[in-house]
Amino acid sequence: MKIRFVLSIVLVCLGLVAAILPQRQNSSMELDAKQLLNEIQLENYMISVDEMANALINNDPEYQLIDVRSEEAFKAYSLPGALNIPFEKLFDEAWAPYIDQVARKNVFYSNGTTLASEVWMLTRQKGFKNNYILRGGLNNWYATVLDPKEPVATDGEEAFFDYRARLGMKQFFTGEGTPASTSNVKAKKPVPRRKKKMVAGGCS
Amino acid sequence: MGPIIPLFEISEEINLLIAFLIGLGFGFALEQAGFSSSRKLAGMFYGYDITVLKVFFTAAITAMLGLLFMNYLGMIDMSIVYVNEYFMSSAIVGGVIMGAGFIIGGFCPGTSVCAAAIGKIDAMYFIGGSLIGILLFGQTYPLWEHLHNAQQLGSLKLSDTLGLPDGLLGLIVIVAAVGMFWIGEMAEKRFKREDISKEI
Chain H
1 MKIRFVLSIV LVCLGLVAAI LPQRQNSSME LDAKQLLNEI QLENYMISVD
51 EMANALINND PEYQLIDVRS EEAFKAYSLP GALNIPFEKL FDEAWAPYID
101 QVARKNVFYS NGTTLASEVW MLTRQKGFKN NYILRGGLNN WYATVLDPKE
151 PVATDGEEAF FDYRARLGMK QFFTGEGTPA STSNVKAKKP VPRRKKKMVA
201 GGCS
Chain R
1001 MGPIIPLFEI SEEINLLIAF LIGLGFGFAL EQAGFSSSRK LAGMFYGYDI
1051 TVLKVFFTAA ITAMLGLLFM NYLGMIDMSI VYVNEYFMSS AIVGGVIMGA
1101 GFIIGGFCPG TSVCAAAIGK IDAMYFIGGS LIGILLFGQT YPLWEHLHNA
1151 QQLGSLKLSD TLGLPDGLLG LIVIVAAVGM FWIGEMAEKR FKREDISKEI
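Sequence lines, in order, name chains H and R.
Read in order, the letters of the first sequence are residues 1 to 204 in the numbering used here.
Read in order, the letters of the second sequence are residues 1001 to 1200 in the numbering used here.
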């Protein structure tokens, strides 16, 4: 009988301790400052303007653009297909399924990168995945896609490829102008040469 | 930080393998507690043996205290621990059917498998009956579908519903369990039967 008394008292005491302990909510998903610093240094949370433009042109459903500027700014100008989640409403319940999800790549953008980076850091610290920012924001979008600068002759071949691709993007997004010919070099014609003589003799 | 293996980070196959290993342990513990004897199980109903109550409540209290303390020590993230969803009507109807089956057949689904594994023929019949029941339910599911899905209340926790802190509810459960253990043992004396353990 004695052991039953002891066990009962021990159990109730454990229960008392559990009841007195303050309640706390752990979150294994949240990142601490060091982990966040690592992620920032990796810089793989950036999506380039060219990649984004290509995705928009191809109607790639993987990407979801999210405009984190104010509602007025969004109404004045926004990228095609973008959602508007103003900075101050970031953690509203209604937006939770959009910023904490595993299906798509969210791409935050603002005018520059400051606001979008802040949003990215907040969401990343919360442990949300699949969030990215548009490198350079709308300013870079304008400079790269809507108003691409022609590279100078000393630039590498790649710069010209990019430029031509961007002219195509510009045409897609603004609908203006066909891309001008970027080169005056005429295609080379084959120079007639004498045919190589067939190997004769031997075992052929 | 726990849970050691978050459900959504492992494949279905690994998940089933872990379930298999835990199941082996569970079956072993059931058999050791004497749950492969339908007389022991029915004893809970007639009051001459409350092992069922003791085993299940001790298990619940151990797990509950473990989670409460681990949560306090920052060792587990309770927000990603799976909580079974609660369907009120089907829980009530299912509970009645389960209780009736328990006292008629002398087993619950888990213990019947346990008893069949040690060669009890009544348990094998019991499993056969459950399988027929499952088949009938599956074949006539459209008839029950409404009842089956009615009053879905989501992943409810008793403490949230009552608005109590988890720890306080834990204390209440412990006090209730200890009380039941004592009352149960008194009942065991009152409804005492001859020792049948040698027959089984």
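Just so you know, the hints here were simulated from the structure itself, not pulled from any lab data.
There could be a bad hint or two in this list.
[Stated by the list, open to error] Going by beta-carbon spacing under 10 Å, a handful of chain R positions derived as facing chain H: (1) ALA1063; (2) LEU1065; (3) ILE1121; (4) ILE1127; (5) GLY1170; (6) LEU1171; (7) GLU1188.
All C-beta atoms in this analysis are idealised placements derived from N, C-alpha and C, irrespective of residue type, glycine included.
Right, here's what the structure says about each hint:
Taking 10 Å as the C-beta cut-off, the interface hint given for ALA1063 of chain R is violated, the closest approach to chain H being about 13 Å. With its C-beta approaching chain H no nearer than about 6 Å, LEU1065 of chain R sits inside the 10 Å limit, and its interface hint holds. At about 37 Å, the closest approach between the beta carbon of ILE1121 of chain R and any beta carbon in chain H exceeds 10 Å, and the interface hint on this residue is violated. Evaluation of the ILE1127 of chain R hint against chain H yields a violated restraint, the C-beta minimum of about 35 Å exceeding 10 Å.
With 10 Å as the threshold, the beta carbon of GLY1170 of chain R comes within range of chain H, its nearest partner Cβ sitting at about 5 Å, so the hint holds. Hint status for LEU1171 of chain R relative to chain H: holds, with the closest Cβ pair at about 4 Å, below 10 Å. Because the smallest distance between the Cβ of GLU1188 of chain R and any Cβ of chain H comes to about 12 Å, over 10 Å, the interface hint for this residue is violated.
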